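Residue numbers (my numbering), protein chains in the order written: chain A, 1 to 321; chain B, 1 to 321.
Keep in mind that the hints were calculated from the coordinates and are not lab data.
Predicted model, so just to flag it, every value in this text is computed and none were measured.
Restraint-style ranges between C-beta atoms, simulated for each label pair:
{"id": "1", "chain 1": "B", "residue 1": "E178", "chain 2": "A", "residue 2": "K289", "range": "30 to 38 angstroms"}
{"id": "2", "chain 1": "A", "residue 1": "K229", "chain 2": "B", "residue 2": "P305", "range": "47 to 55 angstroms"}
{"id": "3", "chain 1": "A", "residue 1": "A286", "chain 2": "B", "residue 2": "G57", "range": "51 to 59 angstroms"}
{"id": "4", "chain 1": "A", "residue 1": "K62", "chain 2": "B", "residue 2": "E182", "range": "53 to 61 angstroms"}
{"id": "5", "chain 1": "A", "residue 1": "S201", "chain 2": "B", "residue 2": "G57", "range": "53 to 61 angstroms"}
{"id": "6", "chain 1": "A", "residue 1": "K289", "chain 2": "B", "residue 2": "T228", "range": "26 to 34 angstroms"}
{"id": "7", "chain 1": "B", "residue 1": "P129", "chain 2": "A", "residue 2": "K229", "range": "24 to 32 angstroms"}
{"id": "8", "chain 1": "B", "residue 1": "Q191", "chain 2": "A", "residue 2": "L250", "range": "54 to 62 angstroms"}
{"id": "9", "chain 1": "A", "residue 1": "K56", "chain 2": "B", "residue 2": "E178", "range": "48 to 56 angstroms"}
Using 20 angstroms as the maximum straight-line C-alpha spacing, the simulated PhoX-like pairs for lysine-lysine come out as follows:
{"id": "10", "chain 1": "B", "residue 1": "K176", "chain 2": "A", "residue 2": "K229"}
{"id": "11", "chain 1": "A", "residue 1": "K52", "chain 2": "A", "residue 2": "K20"}
{"id": "12", "chain 1": "B", "residue 1": "K229", "chain 2": "A", "residue 2": "K229"}
For the chain B half of the interface with chain A, some residues (derived, Cβ under 7 angstroms), not all of them:
{"id": "13", "residue": "T206"}
{"id": "14", "residue": "G220"}
{"id": "15", "residue": "Y227"}
Where is the CB? At the ideal position from N, CA and C, for every residue including glycine.
2 protein chains.
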Amino acid sequence: MRLCHFMTLDFKTHNMNEIKIFCPATIANLSCGFDVLGLCLDNVGDEMVIRKSDKKGIRITKLVGADLPLETEKNVAGVAALAMLEALNSDAGFDIEIYKNIKAGSGIGSSAASSAGAVFGINELLGRPFEIKDLVPFAMQGEKLACGNAHADNVAPALLGGFTLVRSYSPLDIIKIESPSELYATVVHPQIELKTSDARSVLKQTVSLKSAIMQWGNVGGLIAGLYTKDYDLIGRSLHDEIVEPIRSVLIPGFDLIKRTALGNGALGSGISGSGPSIFALSKGEATAKQIAKAMSAVYDEMKLPYEIHVSKVNPDGVRIL
Amino acid sequence: MRLCHFMTLDFKTHNMNEIKIFCPATIANLSCGFDVLGLCLDNVGDEMVIRKSDKKGIRITKLVGADLPLETEKNVAGVAALAMLEALNSDAGFDIEIYKNIKAGSGIGSSAASSAGAVFGINELLGRPFEIKDLVPFAMQGEKLACGNAHADNVAPALLGGFTLVRSYSPLDIIKIESPSELYATVVHPQIELKTSDARSVLKQTVSLKSAIMQWGNVGGLIAGLYTKDYDLIGRSLHDEIVEPIRSVLIPGFDLIKRTALGNGALGSGISGSGPSIFALSKGEATAKQIAKAMSAVYDEMKLPYEIHVSKVNPDGVRIL
Numbered sequence: 001m002r003l004c005h006f007m008t009l010d011f012k013t014h015n016m017n018e019i020k021i022f023c024p025a026t027i028a029n030l031s032c033g034f035d036v037l038g039l040c041l042d043n044v045g046d047e048m049v050i051r052k053s054d055k056k057g058i059r060i061t062k063l064v065g066a067d068l069p070l071e072t073e074k075n076v077a078g079v080a081a082l083a084m085l086e087a088l089n090s091d092a093g094f095d096i097e098i099y100k101n102i103k104a105g106s107g108i109g110s111s112a113a114s115s116a117g118a119v120f121g122i123n124e125l126l127g128r129p130f131e132i133k134d135l136v137p138f139a140m141q142g143e144k145l146a147c148g149n150a151h152a153d154n155v156a157p158a159l160l161g162g163f164t165l166v167r168s169y170s171p172l173d174i175i176k177i178e179s180p181s182e183l184y185a186t187v188v189h190p191q192i193e194l195k196t197s198d199a200r201s202v203l204k205q206t207v208s209l210k211s212a213i214m215q216w217g218n219v220g221g222l223i224a225g226l227y228t229k230d231y232d233l234i235g236r237s238l239h240d241e242i243v244e245p246i247r248s249v250l251i252p253g254f255d256l257i258k259r260t261a262l263g264n265g266a267l268g269s270g271i272s273g274s275g276p277s278i279f280a281l282s283k284g285e286a287t288a289k290q291i292a293k294a295m296s297a298v299y300d301e302m303k304l305p306y307e308i309h310v311s312k313v314n315p316d317g318v319r320i321l
Numbered sequence: 001m002r003l004c005h006f007m008t009l010d011f012k013t014h015n016m017n018e019i020k021i022f023c024p025a026t027i028a029n030l031s032c033g034f035d036v037l038g039l040c041l042d043n044v045g046d047e048m049v050i051r052k053s054d055k056k057g058i059r060i061t062k063l064v065g066a067d068l069p070l071e072t073e074k075n076v077a078g079v080a081a082l083a084m085l086e087a088l089n090s091d092a093g094f095d096i097e098i099y100k101n102i103k104a105g106s107g108i109g110s111s112a113a114s115s116a117g118a119v120f121g122i123n124e125l126l127g128r129p130f131e132i133k134d135l136v137p138f139a140m141q142g143e144k145l146a147c148g149n150a151h152a153d154n155v156a157p158a159l160l161g162g163f164t165l166v167r168s169y170s171p172l173d174i175i176k177i178e179s180p181s182e183l184y185a186t187v188v189h190p191q192i193e194l195k196t197s198d199a200r201s202v203l204k205q206t207v208s209l210k211s212a213i214m215q216w217g218n219v220g221g222l223i224a225g226l227y228t229k230d231y232d233l234i235g236r237s238l239h240d241e242i243v244e245p246i247r248s249v250l251i252p253g254f255d256l257i258k259r260t261a262l263g264n265g266a267l268g269s270g271i272s273g274s275g276p277s278i279f280a281l282s283k284g285e286a287t288a289k290q291i292a293k294a295m296s297a298v299y300d301e302m303k304l305p306y307e308i309h310v311s312k313v314n315p316d317g318v319r320i321l
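Between the sequences and the hints, there should be enough to build the whole structure, so can you do that?
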């Protein structure tokens, strides 16, 4: 699939001076997989336009939809792009326009979408000096700027699509796992901002061996469920012993939203990334939409503003528009 | 495969009064999967003969090759069998002969082989009231007697074959994973006894979040490697952040044996179960045999008596002879 896709693009991007891309939102952690698992959404994301420039380096020339820094070294897309150009020892220059739809601090990979988009787009315009997987470390530099921690669990699925497992950070080893075709995500974003750095600071630095064993049992189960397309096993494995009990108290209505999702047929539900968004996974779009309706009713009742999305898993990651 | 096998056995075991079975050794933990992962060996194991008796209950009538209790309530096979009969509310009676080849305290599932064999054999003689997977909780009662902890990571692979993942203990949820066909194990057993209960007592009850994350990344990687038959990924994932650094000091020559295995082509190497046996996994029998030779040279040099085994992964678990 990806190869065919690329063969077409090779023709399209050859001598291209400008590229317009879709930069998908992502759900990291996925209950049991804190810091290692993530999935890519299909219809939620930003857009970026990247143009070759005669002037060396990276400039953020336009930023629509968010109040974020334009200065290259303070912008996640800028930092990720600079890391890539530095690795190439390149004199190339690029102007980047960012059209944000994903709100910063929503917990669905807003900074990752920009970081991943920047390095993906520049890689295309340069004639693809890197494999997509090799772009992950550059995009991680954007994450480091955003939250102080160069985590890969959002940028990896944003770049590669599907589900991704960060088996190891040192050395970086990322495994892509295809999503079962009927798997859908519902994501609700209550309109409070929760910074990743704050959500990390509440975590304990030690965990009980017993909880850790339960967690890695569930990670194993989730991976097995994805390979065997066993939706029930996926659901049984979407359980978080360690982070959710601590972080969920920061999210208004978390327990009720989760119970509502499960009561409406979700396979599982938990905190998306570091929150405050809450995700549910379902078999089939109809169930995912039903869950969206039920979640909406909860936050309507609480008079809490929210955004809500229903999306299948995006198999390919960032794409050219 | 299993179904065809059973159809033949159905005929053979109908009205059968006696059964002779092979009860395989197993490797639990497999580096990253402490308390959740295990695999079944093919040519290392005990034999048992089980006979229907007119006398209600379970008797261990013969025990060859080990100095273990004959008293039913003190014998792991007896305890597992009694748990099963109790669940069935059965008045049936059985005499069990056990021919041990797996040494107690070797770390390759000696008690699990007896517990699994007993419940498998009696299930056959009773006309299979239980699915094989449903025998695991009874066999776990034998493990509880042996080491104070009803763990499933040896009895599950002994009963089901291949690799098994204990996703959850409560409720018990066991996933069987087929082994890639070229995967071989080398297991060396230095002749010191290390009780599971002692090997457990050295463990710390809390672990750092960072180590736990590395561990569940590797569990995910190992499961992904098994499903995709990616031998390199299996090897990269066979890493233990948490237990091996603590337990390995109890095993003479551990570091050298592990380095030797890796230097001779092993995908990975670690402590088998709670030790003192050390396992290595390889792609192909030739490599596994070469590793056995090199490990032997290490213990020969140290003048430490040992047993050594090379085995492919047993796809089916306990089998009728």
